[in-house]
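Residues per chain are reported as follows:
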Amino acid sequence: MSGNKTGLSKGITQLLTGIAGLWLLIALVLPWMQTLPVIRPIMDIIVAADLDANQYFYTQSEETFMAQSHVRSSLSRAAEPH
Amino acid sequence: MSGQSKQPEYVVDQARWEWSELYKKEDWWAIWLGIIILVVGLIIFLPRPPADMDQKITQSQRTMQAEEARAPFHTLEWHRANDSFSGLRARNESHGKTLAKWLSTPARWAANPMEALILTETRAAEIRDGAKERHAAAQEKTKATLAQAEADQAAAAAAVFQNRELNKKAEASIAQWRSARSAESRARSQAGTQAYNKIPYLLGIGVIFMLFFAAGTTVMNINTANFIKGFGFVFLLAIISEVIGANSTLRSWGFGPLIWAILGGMLIANTIGTPQFIKDAAQTEYFIKTGLVLLGAEILFGKILAIGLPGIFVAWVVTPTVLVLTYIFGQKVLKMESKTLNITISSDMCVCGVSAAIATAAACRATKEELTIAIGMSMLFTAIMMIALPTFIVSVGMHPVLGGAWIGGTIDSTGAVVAAGAFLGETGMFVAATIKMIQNIMIGAIAFGVAVYWCAKVDCVEGQTVQKMEIWYRFPKFVLGFIAASIVFSIMIEAMGPRGDVMLDQGVLRGFSRPCREWFFILAFASIGLTSNFREMAKHFTGGKPVILYITGQSLNLALTLLMAYIMFFLVFPGITETL
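Taken in order, these protein sequences are the chains called H and D. Residues 737 to 818 in this note's numbering are what the first sequence lists, from first letter to last. Residues 320 to 899 in this note's numbering are what the second sequence lists, from first letter to last.
Just so you know, these hints were derived from the structure itself, not from any lab. Wrong hints could be hidden among the right ones.
Within a straight-line C-alpha distance of at most 27 Å, the following computed BS3-like cross-link-like pairs (lysine-lysine) qualify [what the hints assert, rightly or not]:
| hint | chain 1 | residue 1 | chain 2 | residue 2 |
| --- | --- | --- | --- | --- |
| 1 | D | Lys343 | D | Lys598 |
| 2 | D | Lys517 | D | Lys548 |
| 3 | D | Lys598 | H | Lys746 |
| 4 | D | Lys451 | D | Lys654 |
| 5 | H | Lys746 | D | Lys343 |
| 6 | D | Lys548 | D | Lys451 |
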């Protein structure tokens with residue numbers, strides 16, 4: 737019984753440590769990295785344009801819908817020279 | 320944790336056919352549930368088009384065609400007409416908005432995670448007040464840039480659009496107006512922030528999904544009572560992951576909810592342990608295959624033509640070449656023990672990251688740990704490449720079309736491609752996004768190819784010839800639903816023309832099946848985390864082979880994509896590059 741308790745408390749400690757590690761990453765490490773000179777210009781554009789880098793498929797992205805329309809139109813114009 | 324057994328693979332191979340599979344196996348349940356969602360979506364959206372849709376489409380198209388004939392660049396009138404067409408979305412109608420409210424994930428937040436779920440009226444008023452001034456300034460900027468764009472376009476028109484310099488100047492001014500207009504739109508939405516409480520909707524959708532999936536558990540070999548008891552916990556973990564992934568900083572880095580679902584689940588499973596009743600609800604394969612059938616409907620073949628031949632060469636020649644070479648490199652040079660890990664990493668690295676990894680892993684029956692490794696590496700390297708690639712492109716002064724094509728063909732996820740492409744300007748972003756979109760379409764072909772190859776070549780004794788029926792027995796059947804959904808929706812959308820974009824792409828798919836699919840994937844990833852084992856995963860990293868495979872494959876991908884993009888956009892079709 738006491739072995740179980742020790743195991744559980746060890747598990748809880750590990751869980752809390754893991755959560756603290758994630759919190760450090762989210763609240764300190766990544767925001768700090770965003771300020772680095774190499775990274776900042778890209779991040780500024782992402783923030784200014786309100787882009788979501790989390791999207792992993794094209795139907796999540798409004799930009800792909802707009803891009804398709806622009807590119808198709810440009811290509812059709814190229815096919816019919818003035 | 321040492322006692323934890325190896326996790327089951329994605330599909331249990333029976334090597335014989337029984338009709339009862341149609342209602343007993345999760346592969347078929349995934350197909351039936353996917354079909355139900357798609358049919359319900361069609362029933363909801365198709366009879367309710369936006370008001371005057373046909374008239375508006377005709378008018379917009381007429382204006383766009385006339386403007387394309389009039390000027391060698393997209394004029395103000397063309398943009399207005401295009402905006403009018405893009406604004407026609409079945410999901411913007413009242414029924415679409417109701418669905419969005421029910422299916423929406425937690426909102427974005429910066430400092431207070433509770434704002435992902437509840438925004439009080441006081442806080443909403445604070446946001447509105449803070450945004451008022453910014454909105455007014457943005458409106459002024461839009462007015463000024465529009466006036467400048469009108470003047471510059473008028474000057475170009477006075478020269479009958481024959482003066483290259485004037486055309487360029489007008490185009491640049493119009494781009495500035497577009498950018499100011501987008502900023503104004505964002506400021507306007509902030510200035511109109513409304514209070515919300517997402518919790519009742521999340522609870523409601525949680526119950527609906529629980530009943531939806533519980534139906535299948537009653538005939539499959541799953542303990543329904545435990546599934547119902549444990550589903551709440553899996554759903555809660557999914558919501559927490561969505562809240563974390565909705566953080567502004569993580570959103571910018573591309574570290575989305577899926578990775579937090581895996582990490583959160585693994586943290587629980589490998590510290591305090593996952594209770595059995597939760598494991599019974601953590602039905603990874605069931606959720607993931609249903610999500611994949613819905614993903615199939617989003618794979619629309621017509622999109623391949625979006626950027627013409629150069630795009631097809633960049634996305635459809637380089638990608639499979641790199642996939643095959645990377646797989647061979649993993650087998651012959653690195654001698655990777657797990658073929659499923661090898662192909663899953665190869666596919667996520669050269670197609671489109673997470674989605675391709677999920678589809679390939681399910682098609683070849685990779686283990687949960689292998690899928691987790693592939694996705695983890697993809698997300699990490701995507702974040703690095705999202706910063707490094709556009710920085711390099713701009714520093715060497717590469718043409719935005721070439722840079723955009725390079726980004727679109729090499730960075731794993733769509734969001735990161737758009738973000739990196741935006742650094743090159745509008746043209747770079749549009750080219751990058753389009754190349755990525757047509758590369759995304761490859762998922763179906765690759766999943767199908769991998770499933771067939773695995774049945775015929777990998778899952779058999781060396782030297783043995785596999786009978787055709789044996790391939791059918793072993794074939795992961797949900798792939799059929801995935802491919803069928805893709806074919807049916809591709810045909811429907813092509814047959815409907817622009818109405819298809821409004822009613823299907825911007826209605827049934829983006830307004831209903833996609834949000835459902837995102838929920839199913841997050842449930843699947845929470846389940847993966849809750850049933851994964853750190854030690855099992857660590858074994859695969861012996862000798863750092865997965866990392867070497869990823870880096871080598873990505874280097875080859877970078878070199879071949881750049882070469883092909885250069886050949887296509889500068890040597891074979893320079894006219895297209897000029898006009899983009």
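Right, here's what the structure says about each hint:
1. D:Lys343 with D:Lys598: holds (20 Å)
2. D:Lys517 with D:Lys548: Roughly 23 Å separates the two Cα atoms, so the pair holds.
3. D:Lys598 with H:Lys746: holds (22 Å)
4. D:Lys451 with D:Lys654: violated (61 Å)
5. H:Lys746 with D:Lys343: Measuring from Cα to Cα gives roughly 41 Å; hence the hint is violated.
6. D:Lys548 with D:Lys451: The given pair, whose Cα atoms are some 47 Å apart, is violated under the 27 Å limit.
The earlier numbered hints that this structure contradicts are 4, 5, 6.
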